[in-house]
Amino acid sequence: MTKLVLYTLHLSPPCRAVELTAKALGLELEQKEVNLLAGDHLKPDFLKLNPQHTIPVLDDDGTIVSESHAIMIYLVTKHASTLRCTSNPASSSRGCGSIFERIVFFGKSDIPEDRVEYVQKSYRLLEDTLTEDFVAGANMTIADFSCISTISSIMGVVPMDEAEYPKIYGWIGRLKQLPYYEEANGGGGTALGKFVLQKREENAKA
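The sequence shown runs contiguously to residue 640 in the working numbering.
Hints listed in this document are in silico derivations from the structure and should not be mistaken for laboratory results.
Remember, predicted model here, so these are calculated numbers, not experimental data.
Hints are not guaranteed to be accurate.
Pair by pair, the computed Cβ-Cβ distance ranges are [stated by the list, open to error]:
(1) K482 <-> E596: 41 to 49 Å
(2) G571 <-> P485: 35 to 43 Å
(3) E464 <-> S543: 31 to 39 Å
(4) E635 <-> K512: 38 to 46 Å
(5) P593 <-> G541: 20 to 28 Å
(6) N573 <-> E617: 16 to 24 Å
(7) R558 <-> T624: 18 to 26 Å
(8) A597 <-> G496: 48 to 56 Å
(9) T516 <-> T624: 25 to 33 Å
(10) E467 <-> H513: 19 to 27 Å
(11) T624 <-> P600: 17 to 25 Å
(12) L459 <-> A572: 14 to 22 Å
Note that beta-carbon positions come from the ideal geometry of N, C-alpha and C, so glycine has one too.
With the sequences and hints as input, model every part of the structure.
See below:
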């Protein structure tokens, strides 16, 4: 089997969603870290792979696929599996991204109330969506990976009360039981949350 090369950043939720998908499919990835703060994504070699200069990017023996959801669907479709593709009905990725970018790339220390409210609404939507064990029903799908990669990061910045969101905490607990969870997502999710809070403190002192 040809080795799959993933241009990634382990702190990035979309990249971790792809890593979770690959682990679930039993696929080995050669991971090449792309340092966004150092501008690796703007270098000529990377722009040849993805002119939109975003990560993740998958190189499957010359077949280039960018954007996390497209990569996940590509992998599941190509490598027949019981893991299903499904849309992501409840993700806080939009609010997460706007908060993180504001702090990390634009040097801000405040988080506008409307962005916090957006994330909290996403929490509520996910809680209401979890009528069964997983996001799309009784079985795990790639929607779970998209959601958990974001939720595990943003919880450190916009706290979530377990008493208010018991279904989400139960769902997180089930995903944490996956043998590959910590390697593919757990450490990166916690690290990103801590990194953003640290940058927020530094920005406030600047």
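Taking the hints in turn, this is what the structure says about them:
1. Taking the beta carbon of each, K482 and E596 are about 46 Å apart, inside 41 to 49 Å as hinted.
2. Distance hint check for G571 and P485: the Cβ-Cβ separation is about 37 Å, which falls inside the suggested range of 35 to 43 Å.
3. One distance hint, 31 to 39 Å for the beta-carbon pair E464 and S543, holds here, with the actual separation near 38 Å.
4. Remark: the range hint 38 to 46 Å for E635 to K512 is upheld by a beta-carbon distance near 44 Å.
5. Separation of P593 from G541 is about 23 Å and conforms to the stated range, judged on CB atoms against 20 to 28 Å.
6. A beta carbon spacing of about 22 Å between N573 and E617 agrees with the range 16 to 24 Å that was offered as a hint.
7. In this structure the hint that R558 and T624 lie 18 to 26 Å apart at CB holds, the actual value being about 23 Å.
8. Here the CB-CB span from A597 to G496 is close to 51 Å, well matched to the stated 48 to 56 Å.
9. Our hint of 25 to 33 Å for T516 and T624 holds, since their Cβ atoms are close to 29 Å apart.
10. In this structure, E467 and H513 meet the distance hint of 19 to 27 Å, their C-beta atoms being roughly 24 Å apart.
11. In this structure, T624 and P600 meet the distance hint of 17 to 25 Å, their C-beta atoms being roughly 21 Å apart.
12. Separated by about 20 Å at the C-beta atoms, L459 and A572 satisfy the suggested range of 14 to 22 Å.
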